[in-house]
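With chain V held as given, fit chain S onto it using these hints.
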Amino acid sequence: MSAAALMTEADPPLLTVAGLGKAFGARPACADISFDLYAGEVLGVVGESGSGKTTLLRCLSGGLTPDAGTVLYRPAEGGQALDVHALPEGRRRLLMRTDWGYVHQDPRDGLRMGVSAGANIGERPMALGARHYGRIRADAADWLARVEIESDRLDDRPTTFSGGMRQRLQLARVLVSGPRLVFMDEPTGGLDVSVQARLLDLLRDLVTRLGLAAVIVTHDLAVARLLAHRLMVMKDGRVVEHGLTDQVLDDPHHPYTQLLVSSVLQA
Amino acid sequence: MSQPDAGVTFGYLDEQTKRMIRRALLKAVAIPGYQVPFAGREMPLPYGWGTGGIQVTASIIGPEDVLKVIDQGADDTTNAVSIRRFFRRVAGVRTTERTREATLIQTRHRIPETPLGPGQILVYQVPIPEPLRFMEPRETETRRMHALADYGVMHVKLYEDIAHYGRVATSYDYPVMVNGRHVMAPSPIPKFDNPKMHDAPFLQLFGAGREKRIYAVPPHTSVVSLDFEDHPFEVQGWDRVCDLCGADDSYLDEVVTDDIGGRLFVCSDSDYCAGRRADGHQGPAAASAAGEALADTMEQVAREHASEDPA
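Taken in order, these protein sequences are the chains called V and S.
Per UniProt numbering, the very first residue in the first sequence carries number 1; after that it's consecutive.
Per UniProt numbering, the very first residue in the second sequence carries number 1; after that it's consecutive.
Pulled out of the complex, with its shape left as it was, chain V reads as follows:
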C-alpha cells in the first residue's frame, strides 16, 4: 500500500464519486458506482469488454453527463469540493487541461496528428497562456526526453511515429501541465508486449515520481497489478469487487473475479 494511501485519515479524498449511473436509452452502461480516490493513489478498473469501464471513465472526466450520482473534485488550492458536472463548461475545460489529464486508448484521439510533437506537447501550456516560444520548446524537449523519445524527433509529426511512441507522446502532452489526476483508458491497448513493458515501466516511474493520482481502465490484469494500488472489478455496469490490488488478484471472492483471474495464462 502506498504512503499516500496511508494518509487517508489526514487528507480528504481528491475525488469522491457517489451513486454514479449512466444509461444509453434503456440500456444501462454503469450503475450505482461509488468510491473515493486519494492524492497519489492509482485505482485500476478491470472488467471484460462492455462492462462499462470506459463509460465510467468518461463520466468521471466530465466527457459524458451521468444520469445519476455526483463526482466531487477537491482542487489543489483547497476550498470547496467542485461538483464536476455542475461546473460551467468553461471551468470544466480549464480543469481538464490544468489539474486533469486524459490518456486515450487510441493516441490519434488524444494527439493533433497534423502538427509536430513539440506543438503537441506545447498546446496545453499555450492554452494556459504561455507565450514564450523558447521556454515552451525547452519544456517540450524536456518532456520528450522524459518519455524516452529521441530529441531530434521534436519537429516530426506524430504520423511518423510508431504506436508506442505515439502513446508516450500522448503521455508527455498530458503530463506537461503537471496534472494531479490522470484518467487512462487502456493505455497499453494495441501495443506489442515489449513496447507495453517499456510503457508500463515509464508509467510506473512517472506516477510515483510525480505523485499522480490516476484512474486506469484496463482489461489486462498484469497492467493492473503493476500500476494500481487498488482495484475495482466491473461486470455488467456494476462494481462486483473492490479492494487492494494484491488482495483482489490473489484472493478473489466474487465468482466473476475468480473467473477473470483464472482465465489469465500464467507465464
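If you're looking for bench data, these hints aren't it; they were derived computationally from the structure.
Since the model is a prediction, treat every value here as computed from it, not as a measurement.
Don't take every hint at face value.
Going by beta-carbon spacing under 8 Å, a handful of chain V positions derived as facing chain S [stated by the list, open to error]:
{"hint": "1", "residue": "Ala86"}
{"hint": "2", "residue": "Glu89"}
{"hint": "3", "residue": "Val115"}
{"hint": "4", "residue": "Ala119"}
{"hint": "5", "residue": "Gly122"}
{"hint": "6", "residue": "Glu123"}
{"hint": "7", "residue": "Arg131"}
{"hint": "8", "residue": "His132"}
{"hint": "9", "residue": "Tyr133"}
{"hint": "10", "residue": "Ile136"}
{"hint": "11", "residue": "Ala138"}
{"hint": "12", "residue": "Arg153"}
{"hint": "13", "residue": "Asp155"}
Going by beta-carbon spacing under 10 Å, a handful of chain V positions derived as facing chain S [as the list claims (entries may be wrong)]:
{"hint": "14", "residue": "Ala23"}
{"hint": "15", "residue": "Gly114"}
{"hint": "16", "residue": "Gly118"}
{"hint": "17", "residue": "Ala140"}
{"hint": "18", "residue": "Ala197"}
{"hint": "19", "residue": "Arg198"}
Glycine included, C-beta positions come from ideal geometry on N, C-alpha and C.
Quick look at chain S alone, frame taken from chain V:
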C-alpha cells in the same frame, strides 16, 4: 449622376434583405470580432468573387456615398472594375479611385496606404471567416471555442511555423485578437496591413458570402496580432522602394515585364502610387521602357474609368 435601372431596387437588394443584413451588421458592431450568421443571398457573381462584400456594401450604400473598389490594392483589376460598374448601375452612386474622396471602400485583400478617416467605411471580402478552421474542422466545436475564448490552438499554429521556418511564416490572413475577446481572421490581407486595423478611426465590416458570416471592427477598437514574447509580430519589409514612385512605406507587388527576367516592384495600391507620381515623386525605374509602359497602362485605365463616370 446616371440613373439606376428602373425595376431594380436601390443598391440591388430588396428592402427585406437589406434590413436582415443591417441587423446582422448592428450585432457584429456590438460584438467586435464575433461572426454573425446571416441569410446570404445569391448574387450575380460567383462565390469567391466578393459575394459577401457586395451584400454588405449594397445594404449600407446611400445615394450620397462615393464608392471605391479595390482588388489587391488596385482599382483597375477585373474584380474591382466589375463591382464598381455594378454599383454604378444599380445604385447610380458616384465612384472614385481616390482613397480620400471615397466614403465607402470595398476591398479585396488590402487596406489602402492612404490613412482612412472617421467618415469612411471599409468593407472586406472574406473567403474563410473562421480563424480556427485549419486547426479545428468542426463548426460546432469552433463556435464553442469562441464562446469559451478557448484559443490555445491559435498559438499551436504559430509555434509550428517557428519550429519549421524559424519565424512565423504566415504572411496573410494573420490572426488577430479583437477587443481582447474574439480571435478573428482579418481576411487575406497581408500582415503588412494588420497594424492599420488597430485603433482605426474608421468602421471595418467583413462579409463572407459563401460561409454566410458577417463580422465587424468598430472604430477605435484594439486589434492585436497574435505572437510570442520572443518572436514578436512583425510585418513584411522590402530592401527596395517602388520602382515607379519611389515609395518606401508601401506594400510592393512584383510585376514581371518580359520573358528574360525583367521585373518591377511597384506599389500594390495603384491610387497611392499614381498620387505620388502626380506629386513629382520618381522611382528608380520610372524612366525605363518597362516602367513607362506600366505607368501608361495604369493611366489609361484611370482615364477610362473617369469617362465612364460622368459625375
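Now the hints, each set against the structure:
1. At a threshold of 8 Å, the smallest CB-CB gap from Ala86 of chain V to chain S is about 17 Å, leaving the interface hint violated.
2. A hinted interface residue such as Glu89 of chain V counts as satisfied when its beta carbon comes closer than 8 Å to some beta carbon of chain S; here the least separation is about 6 Å, so the hint holds.
3. Here the hint on Val115 of chain V is kept, as its CB sits about 5 Å from the closest CB of chain S, short of 8 Å.
4. Hint status for Ala119 of chain V relative to chain S: holds, with the closest Cβ pair at about 5 Å, below 8 Å.
5. The beta carbon of Gly122 of chain V comes within 5 Å of a beta carbon in chain S, closer than 8 Å, and the hint placing it at the interface holds.
6. For Glu123 of chain V, the suggested interface contact is upheld, since its CB lies about 5 Å from the closest CB of chain S, less than 8 Å.
7. With a cut of 8 Å, the hint placing Arg131 of chain V at the interface with chain S holds, because the nearest CB-to-CB distance is about 5 Å.
8. Nearest Cβ of chain S to the Cβ of His132 of chain V: about 5 Å, under the 8 Å cut. The hint holds.
9. For Tyr133 of chain V, the interface hint holds, the least distance from its beta-carbon to any beta-carbon of chain S being 4 Å, beneath 8 Å.
10. Because the beta carbon of Ile136 of chain V sits about 7 Å from the nearest beta carbon in chain S, less than 8 Å, this interface hint is met.
11. The closest approach between the C-beta of Ala138 of chain V and any C-beta of chain S is roughly 11 Å, which is over the 8 Å cut-off, so the hint fails.
12. For the restraint placing Arg153 of chain V at the interface with chain S, the shortest Cβ-Cβ distance is roughly 12 Å, beyond the 8 Å limit, so the hint is violated.
13. At its closest, the beta carbon of Asp155 of chain V sits 5 Å from a beta carbon of chain S; the interface hint therefore holds under the 8 Å criterion.
14. Proximity of Ala23 of chain V to chain S is violated relative to the hint, the smallest CB-CB distance being about 24 Å (cut-off 10 Å).
15. Of the supplied interface hints, the one on Gly114 of chain V holds, with its beta-carbon coming within about 8 Å of a beta-carbon of chain S, less than 10 Å.
16. The closest approach between the C-beta of Gly118 of chain V and any C-beta of chain S is roughly 6 Å, which is under the 10 Å cut-off, so the hint is satisfied.
17. Annotation: interface hint on Ala140 of chain V holds; nearest CB of chain S at approximately 9 Å, less than 10 Å.
18. Taking 10 Å as the C-beta contact cut-off toward chain S, the hint placing Ala197 of chain V at the interface is violated, the least distance being around 32 Å.
19. A distance limit of 10 Å between C-beta atoms decides the matter here; for Arg198 of chain V the minimum to chain S is near 27 Å, and the interface restraint is violated.
Hints 1, 11, 12, 14, 18 and 19 from the list above are not met by this structure, while the remaining hints are.
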